[in-house]
Every structure is written in C-alpha cells, then in structure tokens.
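Trainee: Construct all of the structure, not just a fragment, from the sequences and the given hints.
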Amino acid sequence: MFSNILIYFVVIPLVMLGGLALCQNIRQIRAVAVTGSLALIGLSAYVLAEYLGMRAAGNEDPMVFVDSWMWFAPLNIHLAVGVDGISIAMLILSSIIVFAGSFASWEIKDPKAFFLWLILLSTGVFGFFISIDLFTMFMFYEVALIPMYLLIGVWGSGNKNYSAMKLTLMLMGGSAFLMLGLIGIYYHSAPEGGQLTWNILEIARNGSIDHGWQTFLFPMTFVGFGVLGAMFPFHTWSPDGHASAPTAVSMLHAGVLMKLGGYGCFRVAIYLMPQAAHELSWIFLILTGISVVYGAFCACVKTDLKYINAYSSVSHCGLVLFAILMLNETAMTGAIMQMLSHGLMTALFFALIGMIYGRTHTREITQMGGMMQIMPYLSVCYVIAGMASLGLPGLSGFVSEMTIFVGSFQHSDMFHRVFTIAACCSIVITAVYILRVVGKLLFGPVYDEHHLSLTDATWWERLSTVTLIISVAAIGCFPNFFNHLINFTFKPAIFAVLGLN
Amino acid sequence: MESTLPILILAIPLAMFLILGIAGCKMSHKLAAALGIAGMGTTLVLSYITALTYFFAPEFTGADGLREQLTVFNWEWLAFTKNLVISLGFFLDPISAMMLIVITTISFMVHLYSLGYMEGERGFQRYYAFLSLFSFSMLGLVVATNIFQMYIFWELVGASSYLLIGFYYRLHSAVAASKKAFIVTRFADLGFLIGILVLSYYTQTFDFVKMTSDPSWVLESTGGATFMGASVLTWALVLIFTGGMGKSAMMPLHIWLPDAMEGPTPVSALIHAATMVVAGVFLVARMFPVYMLEGSATMIIVVVGALTAFYAAMVACAQIDIKRILAFSTISQIAFMMVALGVASAGHGEVSHHGLGYMASMFHLFTHAMFKALLFLGAGALIHAVHSNNYTAMGGLRKYMPITHWTFLIGCLAIAGIPPFSGFFSKDEILAACYAWSPYIGVWMSMVAALTAFYMFRMYYLIFWWNEPHYHHAPHDAPVSMSIPLIFLAAVSCVAGFIPFGHFVTWNRMPYDIHIELPVAISSVVIALVAIAIARHMYIKENPLPAKMKAALPRLWDWCHHRFYWDELYQFITHRIIFNGICRPLAWFDRHIIDGTMDSFATVTNKASDAIRPLQSGQVQMYVWYYLIGALLLAGVTAVCVL
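Protein chains in written order, with the working numbering: chain D, 1 to 501; chain W, 1001 to 1643.
By construction, these hints were calculated from the structure, which means they are not laboratory data. Virtual Cβ for every residue (Gly too), placed ideally from N, Cα, C. Careful, some of the hints might be misleading.
For each label pair, taking beta carbons as the anchor points, the in silico distance ranges come out as [claimed, not checked]: (1) L1615/W <-> G158/D: 25 to 31 angstroms; (2) Q1619/W <-> I283/D: 49 to 55 angstroms; (3) A113/D <-> K1082/W: 39 to 45 angstroms; (4) A473/D <-> G1120/W: 31 to 37 angstroms.
Below, a list of computed lysine-lysine pairs in the DSS-like style, where the Cα atoms sit at most 30 angstroms apart [stated by the list, open to error]: (5) K1399/W <-> K1541/W; (6) K160/D <-> K440/D; (7) K1607/W <-> K160/D; (8) K160/D <-> K109/D; (9) K1026/W <-> K440/D; (10) K1548/W <-> K1399/W.
Mentor: The following block contains the structure:
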C-alpha cells in the first residue's frame, strides 16, 4: 500500500496530526505545521515531475499512479487513488495554500486545537483530490467539511455561531443531494449483471448509465458539488461563512474547498454523465452566468472587506462552473486555470484581510483609509492581489479568464456565445469593486489617527504573502506550462464529452 | 534581423521596473533616477538602431521600394487552440518602427525632465519604476505581432497609467481620477475584447500579418454572417474601435483624460499626450486593411472623430486650468488622426486618394507627439514656477522664463499649423485628405483647426502676456535637466515637418512623394493666422473684451466650461442608475430574498420541531393517550378497509 506515492498525501497530514497531538508548546506546533506543509509541497512537486516525465515518455493513460485497495467488499468500496494533470494542479494548489495558511495563523490562540482541525481539514482535501473511488471521495469530502464548523465556531469572529451553522447546514444539504447522486451512479455503474463499482475510471469505461438516469443524476451531483462551488442561488453560505472564519480557514476554504466543487462537477457530473451534461448544461449555464455577474454587482456595494471578497469569489467561482459547462477543451482548461488562479489570489486576499483586521480590528472600508502610508508592504500586496483579481496580464487572473472567454466563444451555438459576452462584462464590474476598495482602503488620507501607530508585516506574514504572490505571477507569466499540464489530460479524459459537441 | 536588440528593447525597461519596484525603496533618489535614465537611454539607442536599420538598410526594402514586414521573433505564450495562439513577439513595419522612435524619444526626455520636476518628491523611486513599466508596456504594444499581444500590453499600459495618475495617492482627487481612468478604459476594453472574440471566432487567428496581408480573406471567413442587421465584421471592427475610443479618449469615452491631469505633469506629457492616448489610432492603423473592407466601420470612425475634434476644441476655449486646455487639445488632435484614418478608406477594400489620410494620420501622430510633449513639459515648467495650474495665477511670464516662453511659443505655432513648424505639414496633409474624401468634412476640420489656433494662443497670451499678477517669488526658468528636453523637443518641432514622411510610412508600405496642396495649405494658414490675431487682440493685455463676450454668450460659456456636462451625465448613470439602481437592489435581494429563503428553511424546521416537541413530554399518561388514540385510529382504518 505504501509503495504508491499518492497515499502519502493522506499519510503526511495524518502523521502531522499525530505530531501535533504530542506537541507541548507553540514552537513545536509551528515546527510540525511548517515541516508538514513543506513536505506536502515537496511531495506534490515530486509527483508533478514524475507525471511530466511519464507523459514525456509517451504514457497516455487517463490516470497515473493508479492503485486500488479493497475496503468494504460487500459494496465493492475501495480506497482507489490516481491522478491526472488536473488533480496534480489541485494538489499543488492545496499544498501551497496549506503552507501559506500555516504562516498566516502564526499567532492564533489555542494553536494546538486549531492546527489539529486545520490539518484534519486538509487531510480531507488531499484525500479528495487523489481519490478515484466515488465513495472514498465522498468520505474525504465530508472529512473536509466538518472541521470547518468547529474552526469557524470556535476561532471565528462576528456572528460566528450563526455563520458556522449556516455554512455547515447548507453544505450538508448539498452533500445530501450529492450522496443520492453518487449512490444512483453506483447502481448504474455496470451493465445488467455486471459487477457494480464506485471506481470513476471503470464507470466511465462502462458508460452504462442510461439516458433517463443521467438526466436525473446529473442535476443531483452538479447541484451537490455546485453548492460548494457557490453556485447561484446556493451561494449565501459563502459571504457569512467567510466573514466569520479565521484567516487561515478563509484561505483554505475559498482557496481550496470551493475548488472541490468545481473539480467534483467536472470529475463526477460531467465526466460520468456526458450526455446529460450536454443536454442540461444550458440550465446551469444560466445559473452560473448569473453567479458571475450578480456576485460582482453585489460586491460593489458591500463595505466589509470579507463580504466583498466573498462575493467576488462567487463571481470568480461562477466562472469556473460556467466554463466547465461549455464542454470544450479550451474553456475547460480555462476553468481549471481559473480554479488555480482564484485559489491563490483569493487566499492572498483573505490572508491580507486577516492581517489588516488583526491590526485595525475592523474590516469596514468606511472605517479605514490611507493604509498605504501606514503599512506599505501589506498595501502593495493588496494592490497586487487586486490587480490579479481584475485580470491584469502577467498575473494569473488574466490568463485564466481569457482562456475561458476565448474557449467559450468558440462554441458553435449562438446562445453560448451571447452568454459568454454577458460573462465578459464581469471584467468591468470587477474593476469597479476592486478599485473602489483599493482607493478607499489604501489610498487617500489616513482615516483614523489611531491607525498611525500600526506596524507593517512581520516576517511570517511576508513569507506567507510572498509565496502566494510568486505563485500568482508564475501562472500569469508562464501560462503555457500549466496549460499543457492540464490540457494534456483532457485529450484522453473528456473524449467522450467532446464527442458529443 | 538579429533578435538580440529587439529583445533588449523590451527587456531593459522591464528589468528596470522590477529592480526599481522591488529594491527601489532601499535606494537613494539619485541612484534610482540614474538607473531609470540609464535604462531608458540604452533602450533609446537600441530602438534608434533598430528603427533606422529597418528604414535605411537595403535588405528590408524590396526592389520596387516596398518595405517588408518583419517578425523578428514570435514566442508562443499561451495556446488556446491549435490556431488561436497568443504569441509574444516583435513585429517591425513602418508604423511600429516609427512608434519605437516616438516612444523612446519622449520617454527619455520625460525621464530626464522628471529629474528636476520630481526632485525630492516622496516616492521618487516608485515614480521611475512606473515610468519604466509604462515604457515597457507601450513598446510591447506597438511591436505586437498579434491582436491578443496588443490587448495584453493594452491592459498593461492602462494599469501603468492608473498607477501614475494616482501617483499622489494621498489626494482624493488623484485617487478618483486614476480610478475613473481605469474604469472608463476598462469599459472600452470590454468592447475591444469582445471584438477580438468575434473576429477570431470567424478568422481563427489573432495574427496581424495573416489578417492584414490578404484582408478579403477575412471578409470571406465570416461567410456573410450578420448580427442584428449589421455584418459580423462590422460589429467586430466597431467593437475593436471602441477599445481605441477608450484609450484615445474619443467622445463619449473621453471623460477620463482631463481628469488624468491629476498625475505629475511629465507623466501627462508622456502618457496622456504623446504615447498611450494614440494607441487607439495605432490600433486602427494596424488593422487598417481590415477596416478598409467595411465602409460603415470607417464611417463611424470619421463621424466619431469629427465630432470629438470639434467638441474638444470648443471646450478647450473655456478652460482655466492650463493642463486641461492641453488635455482637450490632445483629444481634439487625436480626433484629427482618427478622422484622417477614416478618410483614408473608401470602403469595399479601396483606399481614398492613394491612402493619403493614413500617411497623414501617422505623420500627425509623430509631429503631435513631439510638440504636445513639448507643450506639456512647458506647462510643467510653468506650474513648477508659479505653483498653480490655472492661468489666472500666471501672466507676463515671458520676462521671467525666456526659455519656457520661446519653446512654448514654438509648440503653439506648431499645433496651430503655421509653417515651417511641424504641425503645419502634418495637419495640411490631413486637411487635404479630408477635402478629397468629402468637402463637408474638410470644411468642418478646417473650422476645428481655426479653433485650435485660437485656444492655443488664448492660453499663450494669457500665460505670457496679459496682466502680471503679484508673484511672491519671482518665477524663473526651470533647471537644466528640465530645459534640455524643452529645447530638444522645440528643435524637433521646428524641423520634423521636413521629414519626407511618405517615404517611410504609407498604408501599403510603398513610398511616395508628398506634396503640399497649395489651396488647402494657404487657406488653412490664413485661417490660423486670423484666429491667432483674434486671440492676440483679446488677450495680449488685460481688457474687458473676454468678459464681455462671456456675458454675451453665458449659455455657451457654461456648456463649454462644464465640458457639455458629460461628467455629470456619467455621474448620474454610474451612481444613480448602476450603483443605486442595480447594485443596491441586487445586494438587498441577495440578503433578503435568496438568503431569506435559505434562512426560512432553517426557521421552518425550527418552528416545526418546536411545535411537535411537546409530544415528547416524558409523561407516561400522555404516551398512553397517544397510544390509545393511535391504536383506535389504526383499528378504525383497518375496519374500514376490511369492511
């Protein structure tokens, strides 16, 4: 079992959990968190290198490092792992954000319990991305959700009990749909008399979910994952949840957890039920199209930094689902790049907001101003994050959005093209709310005299932000590398979906 | 051509930006400026070598005089599909070579000038970093090999313009102006982006050479598709032109440019007079063979240009802030270039009057960049001396600031179109092209030219003559670092008109001799002289005439002074309609309807469980009751069913 490299993505966090349990003081906790997250980054880099090597050597399998161990024989549940370019991209994203998040929560109160829950959450995340067995995938998904309740409820701020409850219940509601969908898929996973399976690759190969069931199961799974992807009208957990969550949790949640939604929509809903995806995509296109523009408009009037960013996430994540539904290679590549890009830049945003909040004890932009004079380093980072968000070339937002727009506009259907134009409008609205915040918060005269005594970033905060900024710039400057990494995967993987176009 | 120099032309400013941006705050002002100026100086030399090699080395010109188009390098940057690929490359043709010269010259002059102008300013290093970023982006824009590369650098120049306008970020007005500039141009860029999407959907390419070398193929690729009554090609071209309208401040997207004057004055000279604002003209020129295909698209360009030119000239007559007068004058002059490009085409893929307008437009772009940068830098010297932007604080300055006075006068003469200054030659070609296309447009543009001469000399006399106010300190000429650029640009403005421009830049890259069309030339010079005479009469010394005229035409003055209330209109649309009419209701809807529904699920569940909770009271008597009732009911039901 331990000969498979992927399993270490779960083993390392579990070892970290054990290590944390033994920790006596905050130094040890930090040491464990940093060592562990560095190990995860190293591991994902190693997997990436191995993967690229395999592809270069002509390996054309849809998934690599595939392995499967029986877990519960009566229902044929396995612990099955395997990755392709998309999952590797997600693993890299997750490990970077866990790393940055550890530094962002350097001085959290009650660190032991906090890090225990945080690492448990990331165990779920990593497990989800390496799983190719629907059941274990779902299990890891739930593992990632539950700690969120405690993290927000205990370490959060503001109306935290309400928010934690709301977030958990709404996501659980989504999971209920999802579970129905997954069980439905299981019972149609093989032709009459065949061995039923949870394994995604086998289900896709069998292609035995008939048309009627697809039209039923596709919306189930898509909505189930869509809730986590903040799809309109199931997005309202996001503003409240983010606003109350502590910094690292916001980072991890917006940066990685919301990606679980998009990833799941692609990996399960569309990959396994291409026919229904093809027929029903228009309904969800409308919903996600609304998300994109609506989220951006809402962000324009909010005055709480976290609310603004949460609505901005609704808009950006809406774009992910929007692009996935276009069902063509370019747009889907764009969707994955948007996941990476949004994950990194929104984590950067939340990290910065947390750092500013930690100093000023307010997130109201009406109560702040002129931060550029007080904390120039954090302010410059905020401007960079804003520029990435509004799609400045050279940073990640531009490449992912453009890939989505160009890809979506290649759709032969007029309806899709018109909708693409509507989604394009978000780039203007994004500019409005980003510049509004930047202008109010960072520029202008100092609003509050008391703020003049505040200090700029500490070394751990600098490390956390620099990591994220470098990643954002790397995607923005060398998009073709990521493009190839992701794109190659689509060739074998979504052939079935593309065949319908 | 070797690709080393071109790579360096782009790499040096970028490297300077990164060095100054990251390590600048640790540097002394002197070191930062030295780095910036040295970097730009090197870029200047390399660009001149590249451009002059291109123009004069025989291998780049065919036997019949046709200038080649060179793609020096072209690296794949992002491949969307097999055909739709964004490359980053370096494209040399007459207009990009010319732009290399314009950009690096002005940028270098501004780098030098800023040494004196920005001396001791807080954020001096940041200023030089942004200047380098801008130069990099602008150079990347003009050498773009494909329309998406242009879009990338288009966005980057927008961002650097944002950063530079908002340089004095402590001031509310600067922050608001930078925001406005970015958002207005972003809105225009949306049009540009959609235009690119539409065009590339049909042509399946971003590449300029592919699109422009055989434009009729572009027309065929659309297969005659139409959308809402107009051909898709017209749509695409007009949308792309919208992007150009935003950057080049054409009406109705011009509102950001006057406000952009909040930035430091050298920045206005570089970005908002000479280089970035002509990007729109450059874009249309770059796509000119495609624009030629659609008469309706070029018609729109002509109409927009003509209206803008007149509007801006009217407004410039009634401004008080000298930078704003120059800003409106820039808008008006760029509109001249736009009109010239429009009248170069006769539609259906034919050029009008041998494509004279195209050459004239580029010629005017070149001369305008020089004399307008000169005027802005002169204005900077004035502002530096009297610490005010308004002409009301100036007057009689010719005695105190001789260098500024003479160079400014040369600039004014050049823009007014008086021979032998450069503006005369280029404007004459534009007017000739306009008359050849349609006498109406010719007369209209002549009228604008007369207004130009009037408002420029109104400003000139008000600043340097008129009545001398009481100066606290006697104003004096600027330091050497500021005077050298003024003198250099004035010299260029004197001689640039004699460049045989037709030998270098024409629409089909074939050289031809330009000649002055005497009737047009004479009439326009006479008109300009008359306008100058009127301005002289009104403003040479303090007299009640201007006040009287203002009183006689109060409505006209008000409208012109308030820029025809465009800003108020936009204010209304953005704040009242979009912000209060769309954003707020949506946010309310989200919190109360969407979220309210979600919350109500919770509330209903809560209420329901509250309501049935008493059933679990723990009292055995009650349970017995329920048991009895249940048993009886069951019995009843069974009885009914059985019977």
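Trainee: State for each hint whether it applies.
Mentor: Status of the hints after comparison with the structure:
For the hinted restraint 25 to 31 angstroms between L1615/W and G158/D, the CB-CB distance of approximately 37 angstroms leaves it violated. Our hint of 49 to 55 angstroms for Q1619/W and I283/D holds, since their Cβ atoms are close to 51 angstroms apart. For A113/D and K1082/W, the hinted distance range of 39 to 45 angstroms is not satisfied, since their beta carbons lie about 53 angstroms from each other. Restraint check, A473/D to G1120/W: a C-beta distance of roughly 32 angstroms satisfies the suggested window 31 to 37 angstroms.
Between K1399/W and K1541/W, the direct Cα distance comes to roughly 14 angstroms. Compliance with the 30 angstroms bound is thereby established for this hinted pair. Taken as a hint, the K160/D and K440/D pair is honoured in the structure, with Cα atoms around 27 angstroms apart against an allowance of 30 angstroms. A hinted pair counts as satisfied when its Cα atoms are at most 30 angstroms apart, and K1607/W with K160/D qualifies at roughly 22 angstroms. Pair hint K160/D plus K109/D holds up; C-alpha atoms about 16 angstroms apart against a cutoff of 30 angstroms.
Of the pairs offered as hints, the one joining K1026/W and K440/D holds, with about 27 angstroms between alpha carbons and a cut-off of 30 angstroms not exceeded. Annotation: proposed proximity of K1548/W to K1399/W holds, straight-line Cα distance about 28 angstroms (limit 30 angstroms).
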